[in-house]
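Chains A and B, in that order, give the protein sequences. For any residue, its number in the numbering used here is found by taking its place in the first sequence, counting from 1, and adding 846. For any residue, its number in the numbering used here is found by taking its place in the second sequence, counting from 1, and adding 9.
These aren't lab readings, by the way, just hints derived from the structure by calculation. Glycine included, each C-beta is placed from N, C-alpha and C at the ideal position. Certain hints may be false.
As the list claims (entries may be wrong) - Label pairs and their calculated CB-CB ranges:
1. F27(B) x E897(A): 31 to 37 Å
2. P908(A) x L22(B): 25 to 31 Å
3. T957(A) x T79(B): 41 to 47 Å
4. S12(B) x P854(A): 31 to 37 Å
5. K65(B) x P854(A): 36 to 42 Å
Chain by chain, the residues:
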Amino acid sequence: EAGVTQSPTHLIKTRGQQATLRCSPISGHTSVYWYQQALGLGLQFLLWYDEGEERNRGNFPPRFSGRQFPNYSSELNVNALELEDSALYLCASRWATLNYGYTFGSGTRLTVV
Amino acid sequence: GDSVTQMEGPVTLSEEAFLTINCTYTATGYPSLFWYVQYPGEGLQLLLKATKADDKGSNKGFEATYRKETTSFHLEKGSVQVSDSAVYFCALGTVNTGNQFYFGTGTSLTVIP
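Pulled out of the complex, with its shape left as it was, chain B reads as follows (with noise of 0.2 Å):
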């Protein structure tokens, strides 16, 4: 079935690292991907994504690439802040499976001053 799989978790960076949270998927059909960031005590926000093969989407300085022949959507960003300290989901969602999405175990982010 569809599934995301993605990098583990905690992940600690010092302020103005570059940050790379890894994603790889598997779906039968051809899935819209998503990133999702969950700040302390709040819902999950859509951060990003990308719709088909090679797309990239960005936002708030994060970006992420559809990559289909790796079946990845690595979440990067060149200069991490402290108030980027979340939670961060992946996510696919495809019409194979109802429209309903699937999502990965989530990765901790701490950026340290």
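This is chain A alone, in the form it adopts within the complex (with noise of 0.2 Å):
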């Protein structure tokens, strides 16, 4: 069974540029959820989308935004880039029943220089 596989692995923007983030969930999963992970900082939600809806959304400025597709692949938009938006990002997916638990990406980095 393939895992949740996120592109790009890196991913270098200049402050002000728009970056995009891609995510595709394992087979079967329709929840997709984002989280950033900042250098030294835990998990910071961002957004979860389920069958095609954003469901709900973390503190954090509409500047970030995202969708999820028919096939249930998620992207993540990030406008304005800031310095601060340099993070790792990732994506998880899971089951219909939580008691899986989520299965997660590998991220992708993003640094904004």
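Hints in hand, dock the two standalone chains.
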């Protein structure tokens, strides 16, 4: 079974640009979660998508947005990049029952210069 | 609201030492509890889980028991190895939160030979 795949692995952008990060969940998983992990810090919840709809959003400005496609893959967009957006962005998916937990991708390392 | 409080790190142990990482939770419903591990440069991997009170999750020599009376889910290992060096995250999920997980802040473990 293929795991959660994220692309690109690394991304370097200039302040003010836009970044697009992609996530493909495990086949059969309909929920996708995005987390930000800044260096030395814990996981900060960004967004949750389920069945194509945004279900919940963390405490992030509107320039963080995303969407989920009909095949359940997801895209995270970060507009007007700031230096403090530099972080590891993790995507996770899960089965319908939460008892199996989340499965995480390896992440996209975004560096804003 | 639901939350997880995790022991502050970093933790440094000698090889073969006993490990305990404390985790306590607050939840309005009946959560499932999880421990995740993050090795350097990687995403999070599910280490073990417990879905109801008194359940014991175990994997790779790690154990944690779901204690409803003390609202705890402490992670233990009898003899750590250098390869256990990683960041450990405690998490809870409950249907009351729409199956969204809440993560602790993470505890960094370094095992020295």
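Do the hints match the structure? See the list:
Separated by about 45 Å at the C-beta atoms, F27(B) and E897(A) break the suggested range of 31 to 37 Å. For the pair P908(A) and L22(B), the beta carbons lie near 44 Å from each other, so the given range of 25 to 31 Å is not met. Between T957(A) and T79(B) the beta carbons are some 42 Å apart, a value that agrees with the proposed interval 41 to 47 Å. Between S12(B) and P854(A) the Cβ separation comes to about 33 Å, which falls inside the hinted range of 31 to 37 Å.
Between K65(B) and P854(A) the beta carbons are some 40 Å apart, a value that agrees with the proposed interval 36 to 42 Å.
When the structure is compared with the earlier hints, violations turn up for hints 1, 2 and for no others.
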